[in-house]
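Asks: These are the residues of each chain, in order.
Protein chains: 2
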Amino acid sequence: MNLDNTFSALSDPTRRAIISKLAEGDMPIMELASPFDMSLPAVSKHIRVLEKAGLLTRRKQGRVQYCRLNVKPLRDAAKWLAFYQQFWDAKLDSLANFLEENSE
Amino acid sequence: MNLDNTFSALSDPTRRAIISKLAEGDMPIMELASPFDMSLPAVSKHIRVLEKAGLLTRRKQGRVQYCRLNVKPLRDAAKWLAFYQQFWDAKLDSLANFLEENSE
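Line by line, the protein sequences give chains A and B.
Each residue of the first sequence is one higher than the one before, starting from 1466 at the first, in the numbering used here.
Each residue of the second sequence is one higher than the one before, starting from 1466 at the first, in the numbering used here.
Bound-form chain A, shown alone (with noise of 0.2 Å):
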């Protein structure tokens, strides 16, 4: 199931950073990897993750490999996690009503 390879994906910080970083826009591999204090196989790894979890695409421009951010799997994550949002919802309506009713 997807939402297996996406949460799967997810449960990495260093994958997490990457996410946030193609969010400005299309990397090159290199540029991506840099900021990581880790070997370009070890990024390349978690980048692999990422592409088979739908989430990065690489495309060859020249002689330079790009990498970019497809969200769809995000948002099928959102998406499931959103139902729950009525549970937190409840908690702060419950606070809400509270705080009216002892505020005068």
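Simulated from the structure, these hints should not be mistaken for laboratory data.
All the pointers check out, no bait thrown in.
For chains that are exact copies, the list does not tell them apart, and a pair is met inside one copy or across any two.
Listed below are the simulated DSS-like cross-link pairs for lysine-lysine, each with C-alpha atoms no more than 25 Å apart in a straight line:
#1 Lys1525 - Lys1510
#2 Lys1486 - Lys1544
#3 Lys1486 - Lys1517
#4 Lys1510 - Lys1537
#5 Lys1517 - Lys1544
#6 Lys1486 - Lys1510
Starting from the known structure of chain A, fit chain B onto it as the hints suggest.
Replies: Frame of chain A; chain B shown alone:
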């Protein structure tokens, strides 16, 4: 980091199904385990993963162990994903603009 455990816990369909069942209300472990086509120890293992991620708490009432959903980690995960909403909203905005411009 907490998001690591949360996203990792959510990467399994049985664990997502347990969360979805607990959204109906607190439930004894036996009742929670019954719809799954797996042994009680196998379900218990998933429950421990959810517990470690802070998504589930247990309490004993007499001889029965009840499980309760804790939505706080789900809210944190949803917050992380919310940043990326601008990207799919932007696409929908473009579509809305296109339809508006071409509807006359």
